[in-house]
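Between the sequences and the hints, there should be enough to build the whole structure, so can you do that?
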Amino acid sequence: MTATWLMKSEPDEASIDDLQRQQRLPWTGVRNYQARNFMRDRMRLGDRVLFYHSSCAEPGIAGLAEVCSAPYPDPTQFDPASPYFDVRSPREKPRWVLVDVRFIAKTPLLSLSRLRTVTALSEMQLLQRGSRLSITPVSDEEWRLIATLMGVAT
DNA sequence: GCCAACGTTGGC
DNA sequence: GCCAACGTTGGC
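Numbering follows the numbering used here, with no gaps: position 25 of the first sequence is 16.
Keep in mind the hints are simulated off the structure, nothing from the lab. Among the clues, some could well be false.
Said to hold, decoys possible - Computed Cβ-Cβ distance ranges for the label pairs, DEER-style:
| id | residue 1 | residue 2 | range |
| --- | --- | --- | --- |
| 1 | V78 | L100 | 36 to 46 Å |
| 2 | Q13 | T110 | 31 to 41 Å |
| 3 | E132 | S80 | 31 to 41 Å |
Where a beta carbon is used, it is the ideal one built from N, C-alpha and C, also for glycine.
So, in structure tokens, the structure goes:
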């Protein structure tokens, strides 16, 4: 059973083009417990990822990826030079974990404003008022509809 | 740059 | 355990 996740990334930091070049990226920098718990407890190898561009001129779903590793400690939390350094997270008891994500496809941008016009998606967590969580589960029904809007096969 | 909404921290 | 203060997210 393949689950689907929406994962937000600021394209200035890591865009779908960056993922296409690298093919595979560690999802560094998550510092929210709910989002961490999704990666640590709920994600499985091969789960689908909707790659979302946030905090940019045109926010929206920019491509498809998949989970390609088990969860492991985010190395940036141990690096004092990293903006994601966490002094309260010792190596012997890491606080933050991540998964690696593999590129599948770049898609025409399915913008946030477009998503908001689709009544059947109005329950999507991304679209809820005040929702800021950087990783959210997407239901099968929502995924099928989004795939149709993106023009990709499920 | 603004600001609403949310999460975290820390004093009590 | 409560909750005010603060910091962050992220669309606009």
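Hint by hint, here is what the structure shows:
no.: 1; hint: V78 x L100: 36 to 46 Å; in the structure: holds (38 Å)
no.: 2; hint: Q13 x T110: 31 to 41 Å; in the structure: holds (37 Å)
no.: 3; hint: E132 x S80: 31 to 41 Å; in the structure: holds (37 Å)
Hint violations for this structure: none, all hints satisfied.
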